[in-house]
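J.: Position chains B and C against the provided structure of chain A, taking the given hints into account.
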Amino acid sequence: MKRLFVAVNILIYAFILSAVVFVMILSFSPSPIFRFPPEGVSLVWYRKMLGYGPFWDSMGLSLVIAAGASLVAMALGLPAALAVVRYRFPGRDLLVAVLMAPIVVPAIILGVGLLMLYTQFFVHTLHVAVNGTVPGLMIGHVMVCLPWVVRVLIAGLQGADPAVEEAAMNLGARPLAVLWHITLPLLQPALVAAGIFAFIASFGNVELSLMLSVPGTSTLPVVILTYLDNYNDPSVAALSTVLIAGTTAVIVIADRGFGLAKLI
Amino acid sequence: MSTPSQSSRVVSRRSFLRQSLLAGSALAASRPAAAQTRILSIMINAGQYQDTLTRLVIEPFQRKHNVRVLVTPGSSTEMLAKLRAEKASPSVDLVVIAETVAVTGRLEGIFEKMERAKIPNMADVEPKALNPDGFGFASLYATAGIGYNAEKVKPAPRAWKDMWNPAYKGMIGLQDIAGTTGVQFLITAARLHGGDEQNIDPGFKAIGELMRMGASINSGKPAEITNLFLTDTILMSPGVENSFYKVYAPKDKRFTFVLPQEGFFAIPYTVEIVKGRKSGDLVYDFMNMQLDPEVQQGFMESILMTPVNTRVKIPSSLAALVPEARAALQFDWGAIARNRAAWQERFNKEIAR
Amino acid sequence: MRPTNPGARRAVTGGLLALPAACALGLFCAAPLLYLVRYSFFVYVPGDPLATGFTLGNYVKFLSDRYYLGVLGQTLGIGLAVTLASLVLGFPVAYGLARMRSRWRAICLVLIISPLYVSAVVRAYGWLVILGDAGVVNNLLRWLHVIERPVRMMFTPLAVVIALTEVALPFMILILASVIQNIDPALEDAAANLGARPWWVFWKVVLPLSLPGVVAGSLLVFILATGSYVTPALTGGKSVKMLVTEVYQQMTAIYNWPFGAATAFILLAVTLLCVTGFAAAVEGSTRERLGDGR
Numbered sequence: 001m002k003r004l005f006v007a008v009n010i011l012i013y014a015f016i017l018s019a020v021v022f023v024m025i026l027s028f029s030p031s032p033i034f035r036f037p038p039e040g041v042s043l044v045w046y047r048k049m050l051g052y053g054p055f056w057d058s059m060g061l062s063l064v065i066a067a068g069a070s071l072v073a074m075a076l077g078l079p080a081a082l083a084v085v086r087y088r089f090p091g092r093d094l095l096v097a098v099l100m101a102p103i104v105v106p107a108i109i110l111g112v113g114l115l116m117l118y119t120q121f122f123v124h125t126l127h128v129a130v131n132g133t134v135p136g137l138m139i140g141h142v143m144v145c146l147p148w149v150v151r152v153l154i155a156g157l158q159g160a161d162p163a164v165e166e167a168a169m170n171l172g173a174r175p176l177a178v179l180w181h182i183t184l185p186l187l188q189p190a191l192v193a194a195g196i197f198a199f200i201a202s203f204g205n206v207e208l209s210l211m212l213s214v215p216g217t218s219t220l221p222v223v224i225l226t227y228l229d230n231y232n233d234p235s236v237a238a239l240s241t242v243l244i245a246g247t248t249a250v251i252v253i254a255d256r257g258f259g260l261a262k263l264i
Numbered sequence: 001m002s003t004p005s006q007s008s009r010v011v012s013r014r015s016f017l018r019q020s021l022l023a024g025s026a027l028a029a030s031r032p033a034a035a036q037t038r039i040l041s042i043m044i045n046a047g048q049y050q051d052t053l054t055r056l057v058i059e060p061f062q063r064k065h066n067v068r069v070l071v072t073p074g075s076s077t078e079m080l081a082k083l084r085a086e087k088a089s090p091s092v093d094l095v096v097i098a099e100t101v102a103v104t105g106r107l108e109g110i111f112e113k114m115e116r117a118k119i120p121n122m123a124d125v126e127p128k129a130l131n132p133d134g135f136g137f138a139s140l141y142a143t144a145g146i147g148y149n150a151e152k153v154k155p156a157p158r159a160w161k162d163m164w165n166p167a168y169k170g171m172i173g174l175q176d177i178a179g180t181t182g183v184q185f186l187i188t189a190a191r192l193h194g195g196d197e198q199n200i201d202p203g204f205k206a207i208g209e210l211m212r213m214g215a216s217i218n219s220g221k222p223a224e225i226t227n228l229f230l231t232d233t234i235l236m237s238p239g240v241e242n243s244f245y246k247v248y249a250p251k252d253k254r255f256t257f258v259l260p261q262e263g264f265f266a267i268p269y270t271v272e273i274v275k276g277r278k279s280g281d282l283v284y285d286f287m288n289m290q291l292d293p294e295v296q297q298g299f300m301e302s303i304l305m306t307p308v309n310t311r312v313k314i315p316s317s318l319a320a321l322v323p324e325a326r327a328a329l330q331f332d333w334g335a336i337a338r339n340r341a342a343w344q345e346r347f348n349k350e351i352a353r
Numbered sequence: 001m002r003p004t005n006p007g008a009r010r011a012v013t014g015g016l017l018a019l020p021a022a023c024a025l026g027l028f029c030a031a032p033l034l035y036l037v038r039y040s041f042f043v044y045v046p047g048d049p050l051a052t053g054f055t056l057g058n059y060v061k062f063l064s065d066r067y068y069l070g071v072l073g074q075t076l077g078i079g080l081a082v083t084l085a086s087l088v089l090g091f092p093v094a095y096g097l098a099r100m101r102s103r104w105r106a107i108c109l110v111l112i113i114s115p116l117y118v119s120a121v122v123r124a125y126g127w128l129v130i131l132g133d134a135g136v137v138n139n140l141l142r143w144l145h146v147i148e149r150p151v152r153m154m155f156t157p158l159a160v161v162i163a164l165t166e167v168a169l170p171f172m173i174l175i176l177a178s179v180i181q182n183i184d185p186a187l188e189d190a191a192a193n194l195g196a197r198p199w200w201v202f203w204k205v206v207l208p209l210s211l212p213g214v215v216a217g218s219l220l221v222f223i224l225a226t227g228s229y230v231t232p233a234l235t236g237g238k239s240v241k242m243l244v245t246e247v248y249q250q251m252t253a254i255y256n257w258p259f260g261a262a263t264a265f266i267l268l269a270v271t272l273l274c275v276t277g278f279a280a281a282v283e284g285s286t287r288e289r290l291g292d293g294r
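Sequence lines, in order, name chains A, B and C. Anchor point for the first sequence: position 227 equals 227 in my numbering, and the numbering is continuous, going up by one each time. Anchor point for the second sequence: position 226 equals 226 in my numbering, and the numbering is continuous, going up by one each time. Anchor point for the third sequence: position 10 equals 10 in my numbering, and the numbering is continuous, going up by one each time.
Some hints could be false.
[Said to hold, decoys possible] A few chain A positions that, by computed beta-carbon distances, are all more than 10 Å from chain B:
id : residue
1  : 8
2  : 9
3  : 24
4  : 28
5  : 41
6  : 89
7  : 93
8  : 108
9  : 112
10 : 118
11 : 168
12 : 173
13 : 180
14 : 211
15 : 216
16 : 229
[What the hints assert, rightly or not] Looking from chain A toward chain B, a few residues come up when the C-beta cut is under 10 Å (computed):
id : residue
17 : 42
18 : 44
19 : 124
20 : 213
21 : 217
22 : 230
23 : 233
Worth flagging that the hints you see were computed from the coordinates, not collected in a lab. Each residue gets a CB set at the ideal place from its N, CA and C atoms; glycine is no exception.
Pulled out of the complex, with its shape left as it was, chain A reads as follows (with noise of 0.2 Å):
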C-alpha cells in the first residue's frame, strides 16, 4: 500500500514538472525547435538571453513590486482573516465573498476601471497623477495578492485549535499578547504560504500589468509576453531556467539558514 501511494505521488510531481522539464530541455537545444531525441546541447541561447537587456529590467521592477505588494497585501489581509474566523459583525459574510472579487474578475475589467478610477478620479479630483506610473501599478497588484492572502490565512485559522488560545486567555493574557504568541506561531505555516502565493501572484501577473503598464518599464511577464508574440527562439527558455535554478537556490539556502522546511 505505501509503495503504491509513493509511485503515484512521482507520477503527479512528474505531471507537475513536465511542462517545467521539458522548457528547460530545449533551452539547451541548438535549433528554435524542439526535436526528438534531441540534436545536442548548446549554451547559445543562454548567451543570448543574458545580453537581452528588458529581461534584466523587468525582473528588477518584477522584484520590487511583488515583495511590496505581497507586503502590503499581509498587512491587510493578516487583520481582516482574523475578523472574519474570530469574530461575529455585520456585513461579514458580504466581506468573504467580496474579498474573492479581485481574482474573479477578468484582470482586463479589473484594469480598465482602474485606469478610469485613476484618471477621473484621482486626477480631476485628488489631483494626483497616479495612472502610468510604478505605485499605480502596484496597488493593482495588492488587490491580486490580497484574496490569496485572505483565502490561506482563513483557511489556515479555521484549522488552528482555538482551545490553546482559549486556555490563555483564560488565564488572565491580554488578546494582543495571544495574538503574538500563540495565535501567529501556530499560523506559521499559513503565513509562509500566503506570503508565496502572493509573491507568485504578483510576480507572474500578466494581464493586469499589461493594462496598468508603467511607460519605459514593463514587469518581466509582459516583456516575456511580448518576446514569445514577436520572436521565435528559446532564449525565453533559457530565462526560465536560471529563473528556477535561482529560486530553488533561495529556498535551500532558506531552508538551510531558518528550517523552512519545518513551516510547512
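T.: Just chains B and C now, kept in the frame of chain A:
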C-alpha cells in the same frame, strides 16, 4: 547620465541592479525624476519594428534633443483599450498604431489633429499617406502577401484566388480577423466572389469553404506563424508579411514569399498624437525624425518596409519584395472600423470553431 | 469593568480589524467595477463611442444567445474539471508532504513550487512542446510506429484542462498540506490501531478534518480556472471558447465595451454564485467551523 534603453545590449547585468534601485526609488515619485531631461512617452508595436525604431530613431533622438523616450510596446488593439480607459489623463504622447484602430481613436477624440507645418519633412511625404481630415499619417507601410513552403507546396501559388485550389487542401493557415491582414483577406475573399466591404457575405462563405477544405486559424502573431511553418503544421498562409522570408534563414525555401497577382496588402504604420498629452510639441520633432530619408531608407533595408518619403527610391534589387505603396489594394478603413464588431462576432461563431 | 454586551464589543473589534482591507477593496476594486457596471448599461453604437443611454440589451443579448451561453457552459465545465483533477491529484501529494520528514520535505517543496516562478506563458509553451503536433508525445508515438500522422492534442479542451490543472496543482497542494499538517497523526494511528483500513481512515478521519483546506483550495482553483486568460488562450486557441477570452476580445479588439462589461459581470455573478453556494453547502453543515465569535 546614460539613458536606459530597451534595445539589446551586450552587458546589461549592471543595469539590472541599477533598475532595481531605480524602481525602488520610483516608488516615491510619480514620474521618474526629470527636472532637466524632458520626457516623451510613446506606444508602438513590439518586435522587429521596435528594435529598428530604437536603433534608427529613438537613440539618435535622445542624444540630439536631450530627451528621454519611454517606450511602451504592445499590440495596436491593446493600445487603444488603454488609451480609451485613461483618456481623462493620458500617460502617452504619441502612438504608432494600426490604421483600423486609428480610425476608432480619431472618432473618439483620443487623437488630435496635427499642425503639419511643424514637420519640415512632411513636404516630401506621399500624399496618400496623409489622413485627409488633418490627423496623422502613415510613417511606413508593411507589405503582406502569401507565404508558403516552396519545398512542399506544388504548384506554387501566384494569386489570392489560388487559395481555393483543391490541391492545397489541409495546407492553409488563415489569420484571425482581429489582425489587419486577417480582415484584409476577408474583404479580398469577398471581392473575389462578388462582394466588398458593404456586402461581406460572399467573403464569409468563401472562407467557410476554405475551412471545409481543412484550413486552420491562427492568431497572426509572427512567432506563432513561424512556429507553425517550422513544424509543418501549415504550409501556406495568406496575409504573411514580406519580412517572413528572412525569419529563419534567407535562403530557406520553406519560407518563400510572393506578391499576389491581384495586388498586395499594404499595412500602414499610422502615427497619431494623443490629445491632452504632457510633452507638447516634442512629438513634432520625433515625427520629423521618423520621416528623415536616412531613417526611411534604413527601415526599408533592414525590415523591408515601404517608405513614404518620396525622396527614397526603392532599388530594383528589392522591388520584388518591397513594392510601391500606391500599387497596393485599397480598403475602406472607415467601413472596416464600423463593421468590425459584427464581423468578429460572426467570425467567432461561424469560422473559428 | 466589563461592558454589558461582550458581543457588541467583539463586533466592533472585528469590524475594525476588517476595515483596512475593506477600504482598500472598496476603493481599488469596487469603485473601478462601478465604472464598468455603468458601461454595461450603455447602448453600443458602432462608430459612436460616446453613446450612453440606458439599456438592458447587453445582458439580454448574452443570455438569449445560445452561442454565449455555450461559452459560459464550457467555461464552467472546464473549471469544474480542473478543480476535480486538482483535488484528486493534489490530495495524495499534500498528505505526503505534510507527513514527510523535514529533509525530504524541503526537496519536495522546491519541486512543487519551482514551476510557479516560471510564467504561465512559458508553461503553456511547454505544453506545446509536449502535446504539439511536432511535440514529445507525438514524436515518441511515431518513433514507436504506433501512429502515422500526428494526433491533434493541442488546441482542444483536454489540453486546456491539463495545462490549467498543472498550474493549479501547486496551490491546491500547499493549501491542503498546511491544513493537513494541523491534523494530529495520533488520530490516524489510533484509528489504524483499532483495526480501521487505510481507506476508512482517510475517508472518516483525514478528509473531514481537512475540509477547510479542501474548500479553500477548491474555491481558489475553480476561480483560477474560470478566470484564466493566458493559459487557455495559448493552449486552447480559437476553438476552445472561454468566457474571459470573449471579454478580452470585446474590450481590446471589438471595442464593444458595453457588451464586454456585461459579459464580465455575468461571469462574475455566476462564479460568485457557484463559490458561495459551494461554501455555504459545506460550511452550513459545519457551521461552528467559521467561528461564532469565541
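J.: Hint by hint, note whether the structure agrees.
T.: These are the hints, each one checked on the structure:
1. 8: The assertion about residue 8/A holds, with a minimum of 34 Å to chain B.
2. 9: holds (34 Å)
3. 24: holds (19 Å)
4. 28: holds (18 Å)
5. 41: Nearest chain B Cβ is 20 Å from residue 41/A, so the label holds.
6. 89: holds (34 Å)
7. 93: Holds, because the least Cβ-Cβ distance between residue 93/A and chain B comes to about 32 Å, which exceeds 10 Å.
8. 108: violated (8 Å)
9. 112: Violated, because the least Cβ-Cβ distance between residue 112/A and chain B comes to about 4 Å, which does not exceed 10 Å.
10. 118: violated (7 Å)
11. 168: holds (39 Å)
12. 173: holds (39 Å)
13. 180: holds (29 Å)
14. 211: Violated: least Cβ distance 6 Å, not greater than 10 Å.
15. 216: The claim is violated: residue 216/A sits with its nearest Cβ about 3 Å from chain B, within 10 Å.
16. 229: violated (5 Å)
17. 42: violated (17 Å)
18. 44: At about 14 Å, which exceeds the 10 Å cut-off, the nearest Cβ of chain B leaves the hint on residue 44/A violated.
19. 124: holds (6 Å)
20. 213: holds (5 Å)
21. 217: Holds, because the Cβ-Cβ distance from residue 217/A to chain B comes to roughly 7 Å (cut-off 10 Å).
22. 230: This interface hint holds because 3 Å falls under the 10 Å limit.
23. 233: Residue 233/A check passes; min Cβ-Cβ to chain B is 9 Å, inside 10 Å.
Hints 8, 9, 10, 14, 15, 16, 17 and 18 from the list above are not met by this structure, while the remaining hints are.
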